[in-house]
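Engineer: Each chain, written out:
Number of protein chains: 4
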Amino acid sequence: MPDTIIKIDLNQSAYENDKVHNRWHPDIPMVAMVKPGDDFIVETYDWTGGFIKNDDDASDVRDIDLSIVHFLSGPIGVEGAEPGDLLVVDLLDIGAVPESQWGFNGFFSKKNGGGFLTDHFPQAQKSIWDFEGLFTKSRHVPGVRYAGLIHPGLIGCLPDPKLLATWNEREVGFIKTNPERVPPLANPPFGPTAHMGRLKGEAKDKAAAEGARTVPPREHGGNCDIKDLSRGSKIFFPVYVPGAGLSMGDLHFSQGDGEITFCGAIEMAGWVHVKVDLIKGGMAKYGIKNPIFKPSPITPNYNDYLIFEGISVDEQGGQHYLDVHVAYRQACLNAIEYLKKFGYSGAQAYSILGTAPVQGHISGVVDIPNACATLWLPTQIFDFDINPSSAGPQKFIDGSIDMPLAPDL
Amino acid sequence: MPDTIIKIDLNQSAYENDKVHNRWHPDIPMVAMVKPGDDFIVETYDWTGGFIKNDDDASDVRDIDLSIVHFLSGPIGVEGAEPGDLLVVDLLDIGAVPESQWGFNGFFSKKNGGGFLTDHFPQAQKSIWDFEGLFTKSRHVPGVRYAGLIHPGLIGCLPDPKLLATWNEREVGFIKTNPERVPPLANPPFGPTAHMGRLKGEAKDKAAAEGARTVPPREHGGNCDIKDLSRGSKIFFPVYVPGAGLSMGDLHFSQGDGEITFCGAIEMAGWVHVKVDLIKGGMAKYGIKNPIFKPSPITPNYNDYLIFEGISVDEQGGQHYLDVHVAYRQACLNAIEYLKKFGYSGAQAYSILGTAPVQGHISGVVDIPNACATLWLPTQIFDFDINPSSAGPQKFIDGSIDMPLAPDL
Amino acid sequence: MPDTIIKIDLNQSAYENDKVHNRWHPDIPMVAMVKPGDDFIVETYDWTGGFIKNDDDASDVRDIDLSIVHFLSGPIGVEGAEPGDLLVVDLLDIGAVPESQWGFNGFFSKKNGGGFLTDHFPQAQKSIWDFEGLFTKSRHVPGVRYAGLIHPGLIGCLPDPKLLATWNEREVGFIKTNPERVPPLANPPFGPTAHMGRLKGEAKDKAAAEGARTVPPREHGGNCDIKDLSRGSKIFFPVYVPGAGLSMGDLHFSQGDGEITFCGAIEMAGWVHVKVDLIKGGMAKYGIKNPIFKPSPITPNYNDYLIFEGISVDEQGGQHYLDVHVAYRQACLNAIEYLKKFGYSGAQAYSILGTAPVQGHISGVVDIPNACATLWLPTQIFDFDINPSSAGPQKFIDGSIDMPLAPDL
Amino acid sequence: MPDTIIKIDLNQSAYENDKVHNRWHPDIPMVAMVKPGDDFIVETYDWTGGFIKNDDDASDVRDIDLSIVHFLSGPIGVEGAEPGDLLVVDLLDIGAVPESQWGFNGFFSKKNGGGFLTDHFPQAQKSIWDFEGLFTKSRHVPGVRYAGLIHPGLIGCLPDPKLLATWNEREVGFIKTNPERVPPLANPPFGPTAHMGRLKGEAKDKAAAEGARTVPPREHGGNCDIKDLSRGSKIFFPVYVPGAGLSMGDLHFSQGDGEITFCGAIEMAGWVHVKVDLIKGGMAKYGIKNPIFKPSPITPNYNDYLIFEGISVDEQGGQHYLDVHVAYRQACLNAIEYLKKFGYSGAQAYSILGTAPVQGHISGVVDIPNACATLWLPTQIFDFDINPSSAGPQKFIDGSIDMPLAPDL
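Protein chains in written order, with my numbering: chain A, 1 to 409; chain B, 1001 to 1409; chain C, 2001 to 2409; chain D, 3001 to 3409.
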């Protein structure tokens, strides 16, 4: 077996593990050095560092301090990597921690993070998903079982100081356009809960005060939450600092396009078997600004879909200009209404859309004023037939089971 | 062979064919009646009614009067269809007009329609795509050849007066928020170029003055430009008027998600073999607002992709809040830059993204402030290897061929 | 549209069409010449030249004179083709004759041709399959509907005299090992019913007496009945005579691996849109003895299968040494027994296995003494759920419909 | 994590592990009892019990005593299972032993086992395949790398005395028809090397003398070597004895259809995560004689193939009657000749066909006298382009590396 260069202990606080960090900053020291061509194992906490429990109480989802996320393993230095190179990362395999074969999905309270449909599901709820080998099912969401499209929600290289400055200016400036918004427009640097890895003392304090939060995807990749960065895929990352500084975390057992529930996919602690290589000067050679990647040859082959359309007219009938976000929200709401006819609660339906290998397509973006988005729901994940028929829907789900909810205090 | 219930003549103006219309209005008379269970053929003009020619001059793309589009065949009445039903439409097969085995793709001038990347490609350009059986290639875009994912860009049932009123209020109200914008925010009813089928005299004039333009997708489906409504798919349409009134047109030989070039996919005249059926009361039974559909079992099996990411930071570095439209634009621009390294002009690369079976995924929409979108470029459509390698890109395209451009006058 | 270089008339006997032949012989004159790079249309009769009718009486299947088959369109000459080249054939598209949107499947009497399961189904039966665009269904076999994997059962180039002599020696010698067998071991040349195209007079008589029958697949390809030579595929054929001499026919709307019913797949008259090219000296360059090919990117995407195993122990318990033929027969018989539990007659089940896009895999051929073969039955072609469950099978088919049978006279 | 109910120690002889056996016999005691609905882990030796080493010397392949195989883990009893039931087995996941991330493939000497192409490769050779997460590659076969289609080559339930007697009579009778053949026609019971699990003393001796060898697939499944029984698949096994008695072993990291090299696929020690359930009386309900199964939704998505044809005319020109075994052998030999043009040795090409996810289809079995079989070679597993072109093949493999060979002594 390859070496495990970063280990985690689920009984230890992520803050005590100095091979972990939760902010992006060029000064965070490399915790291990590898060579091009090496393969190795990286263990990671779940994105909350173990805050969410395997129980039937959603109060942890309600009460979490979101400034602590995401706990990333790294940064890993690659010998010979220089700014302008492409770091080629093969995700050779990914799995859950052996003694922790479960994950969580939930909705944050609108007052604490929210989510894509937070106006419809404003309170904290959660569902627990158990893993059975390559498959998952939930005691809170009956009638579905599917193969995992396992992937890291978050992976990328350290920014250089210039890129970091760009991020901070851009996002802090953006917050200022509506500083009182709930949920906020973006998350500024926040030193008190920053974990800067092996950086200590004044250097740490300085970096913590300016370290970029890990929430958004950015030029380097980062928290892209792309379900198709799954095990078996190959990614080409821009390199900004000597040694590249690759970090990763936020593992998902499965997720739908959009990760619409925000908290989040099926979130888990686990490990990644990684191989690294370099394309020298690759950013300029290929005109690369953001990462590019090739998907895995080994992804679940669900190919029978029921597809829901949405257009950029919102729930109140308001018109939006070619707004794919609004259109996809309508497609999701349409799918939820449909699933409710089979007996699901709205929350269960929302959870399915957030966790199953649902596709979200940008179908039309030029036919003014309406964008059209489509949500592709795989029918083969259901224990029963969800296709429409002249007989009308049968209630296969009897409503006796629902997802735990923790009301706002 | 089934009956051809609507025929077209490419040598005749679409305005002279009274089984064709180019506005949505409940008063447009049915041009044929069919029964549930019937299958039949419907011929259609290309969306412009033959305005764009198979030549090497883009002036037709520059000069088109866009108020004439889209020429639709129908409406077709279905016996027994009532408001609240679902009209089940099987697209049994679709093809080009036998004597017209070609299609066009283009970019409108920013002054006359624009498109998704109109700021980058502000002038009229076009490419002609020849069909070779199930495949297509272009004399203006060398190095690519692919199987057609043939589909109608536009299909749906007539609105009732209330729905029509909703559309007009919503869109006209929206235009008023920025009436001088170029391109406009939306297109209001416009009587002079309306083709109201068999409606004549005063009734026609009245309806023409209020008939909804066919450009945007709406609740009934309409101009969704969903590439996956391809031959072999099954669609469930809401019914609003007695008899349903099914119309269709805007056939595409192939299109990428988003139809980003706007003019448009690979546009063609052709025929659709349709079968219809009803689910009585299906809208309420299944909670349907927009159409739903099942994709075809017979779609091109390209499964090796190179995937480009984009985030909702625009070309000038401006921050947008979870804006998938902006994110997808970045992913497209990233793909264009990449393809240019292999010798393509920007216009050729843009044309490939608009016409090939490219997927556009809504990958992340909750990680404030950045949405993440991905563009999936099938590698198997290229005559050469477009994957990145340590050797760097080879210029397979020598630049001797480009797409015709017609400068603004 | 490309030129139709060979036309057929369904109201005319195939024997009267001099662009058709039913034997392989190097002296058959080319009926058209094309150039490398050309594409063109070839029309073909069904393999029996129209003998089997669209009715509910299987006596035509019982009474057919099998020495008349297969009626092939060609041979087509390709300029510059020389022995040792590879002829590259793109099957750009294939379809049924527009006015003949149906096909037939059947079982020959054991006394007149037989088939893979002739000991179990010794009498003539047939089923008629109607085409609905890209799909087919049968009034004789309820409960199934599927997309066509349309292909020519028979395609290849003319043999040279040496290859022809090899065939005749090999097969006539083989017949002599058991000349009285019913069905026979092979079919020898037979002049009286030979159609030698444009060859006339003595030359015709001589060639007819030695022309190879079209039944078996041979080194040149020929009657391979490979379902995956479907429209969109690309084939590389060995060339033996100057001009190549490409002929084709025996079109199938759909077929399962093995074409086990022999009469045959879903047999139809139709047309093939072909493009030809050459790889000079390709046979030696690539070490080619038999044709090679690449399958189409556009094949039905059925991917949910129920798989039946068979081993090389026959129905009477007899042991055979790594005999895949026997093993596949057991897998087929196992599938038929299974389908009977859902209400199908054995004949209907056999017909489904012969016509639907069933896969037959050579799963194990080294574990002495038993070969293992698997039959892959696509579940998505059924109108109902054929998966096993703890509830046991439900009879969805009530037995009121069966396939016509014509008893031996 | 679920319980590991059978553990192995690679440093211990398989004969010393009493939860292992290498013969089929109803008297072998259950080593563990589980309940319907349980899931659990079963560890297994490689089929030879560790005889073949990870080195560059094929003498172990030459010298192995094949009467010791296959070492199976089990039998496992399932509470409530009775003869006539179907045992439903979900292969939830499968993997290699963590500290043994490699497997072997080889050809036996014709004098000691042989293989599908033993007349062409009569001497012992081997190749070692290293695992990199989900992928494998070999230091002995350059230029290929592919995702594993991991599966147990051998799995099934204990026979009852009657079924065992049938097997022994059938196979011993068969051997008597040609007792001197090399390799033999079949393998009779052989007590000296039998491992009968926990059976001891006289009972063991008696059972060992009549226990069926594990080599062939039989009615219960057994050594089917079906590559598609991969992790994620669901199998329905006939039950013959109370408690079912499920055993498994012979794990393969990857294999082509046919397992043509016999020694074998990519053979490995590993573990299987299994879930069991029952369909009471399922054999009669569904007419089941052999196991049936549903393939996994998670299999490598290679879909670009180069396909080779073979007909039932042997290497010497001899004619065989609809013999799929001969036809598939020709297809394999054709593929090997082709691959040699790119620089591979015949042995390397043979090894690729035996180990990669190659498909073998029974394409035509009714066109007397020739069967047609096809070998589907996935092109995406090669580091270079193996498609034919007018330029002719390029030698990407320089011949400097070959597979170790151990000459017969």
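Simulated from the structure, these hints should not be mistaken for lab results.
Backbone N, C-alpha and C fix where the C-beta goes; we use that ideal spot for every residue, glycine too.
Accuracy of the hints is not assured; some may be wrong.
What the hints assert, rightly or not - Some chain B residues well away from chain A (every beta-carbon gap over 12 Å; in silico):
(1) Asp1055
(2) Pro1297
(3) Thr1299
Unchecked claim - With a straight-line Cα cutoff of 27 Å, these simulated DSSO-like cross-link-like pairs (lysine-lysine) come out:
(4) B:Lys1341 <-> A:Lys395
(5) D:Lys3341 <-> A:Lys137
(6) D:Lys3341 <-> C:Lys2395
(7) C:Lys2395 <-> D:Lys3395
(8) A:Lys35 <-> D:Lys3137
(9) C:Lys2280 <-> D:Lys3395
(10) A:Lys294 <-> B:Lys1289
(11) B:Lys1341 <-> A:Lys341
(12) D:Lys3285 <-> D:Lys3137
(13) B:Lys1035 <-> B:Lys1275
Engineer: May I ask which of the numbered hints given earlier this structure violates, with the numbers listed in increasing order?
Structural biologist: When the structure is compared with the hints, numbers 2, 3, 4, 5, 6, 7, 10, 11 and 12 turn out to be violated.
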